[in-house]
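Chemist: Could you build all of it, start to finish, from the sequences and the hints given here?
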Amino acid sequence: MRVRMRRIPHLLLRALLILFATVYFLIDVLFLSAIRPLRRRLMGLRLAQRLRKWVSGLNRYAALALLAVPWALLEPLKPIGLYLFAHHRHTSATVLIVIGEIVKLTLLDQIFDMTKPKLLTFPWFAWGYARWEAVLARLRSLPLWQRIVYRYRMARAWVVSWL
Numbered sequence: 004m005r006v007r008m009r010r011i012p013h014l015l016l017r018a019l020l021i022l023f024a025t026v027y028f029l030i031d032v033l034f035l036s037a038i039r040p041l042r043r044r045l046m047g048l049r050l051a052q053r054l055r056k057w058v059s060g061l062n063r064y065a066a067l068a069l070l071a072v073p074w075a076l077l078e079p080l081k082p083i084g085l086y087l088f089a090h091h092r093h094t095s096a097t098v099l100i101v102i103g104e105i106v107k108l109t110l111l112d113q114i115f116d117m118t119k120p121k122l123l124t125f126p127w128f129a130w131g132y133a134r135w136e137a138v139l140a141r142l143r144s145l146p147l148w149q150r151i152v153y154r155y156r157m158a159r160a161w162v163v164s165w166l
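Residue numbers (this note's numbering): 4 to 166.
Any given hint could be a false lead.
[Said to hold, decoys possible] Label-pair distances were calculated between CB atoms; the ranges are:
#, residue 1, residue 2, range
1, Leu50, Ala140, 12 to 22 Å
2, Asp116, Leu147, 40 to 50 Å
3, Pro12, Tyr153, 38 to 48 Å
4, Arg44, Leu147, 27 to 37 Å
5, Tyr86, Val138, 49 to 59 Å
6, Ala160, Leu41, 36 to 46 Å
7, Asn62, Arg92, 16 to 26 Å
Since the hints were derived computationally from the structure, they do not count as laboratory data. Every residue gets a Cβ at the ideal spot worked out from N, C-alpha and C, and that includes glycine.
Modeler: Below, the structure written as structure tokens:
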């Protein structure tokens, strides 16, 4: 009985961490779906095409660094924004989180798209990416996810028709 009671705080902490990570990644997924049109426009520019050619010539370690450095610089903006929000700087926090997420996800999504073939040559990355794709496929197959996507598309169509 005593051993089980000691495990309860660990299980609760683990459940809270999983919940926090899920919400954190869902925020990224929602922002990413809204930013994709902007990304497509940016990639049509001549400069972006030259950048894609340059990135394709990098080795896999340089490609990993190219992805890791902007992520390490931009990812802390969310916790900083939450800190500002906790200290009643609501406008600053919202602007920081929204603009930080738009820049981070636009940049990282594009860099990942360009470096993915090189990154998949790392066995650990290929393994993790396959697991990530399996999780996304499972989420997309859920009826709740399909209803959310349907309502998102309906709302988007309404906004486009209204504009």
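Chemist: List, from low to high, the hint numbers that the structure doesn't satisfy.
Modeler: Numbers 1, 2, 5, 6 and 7, in rising order.
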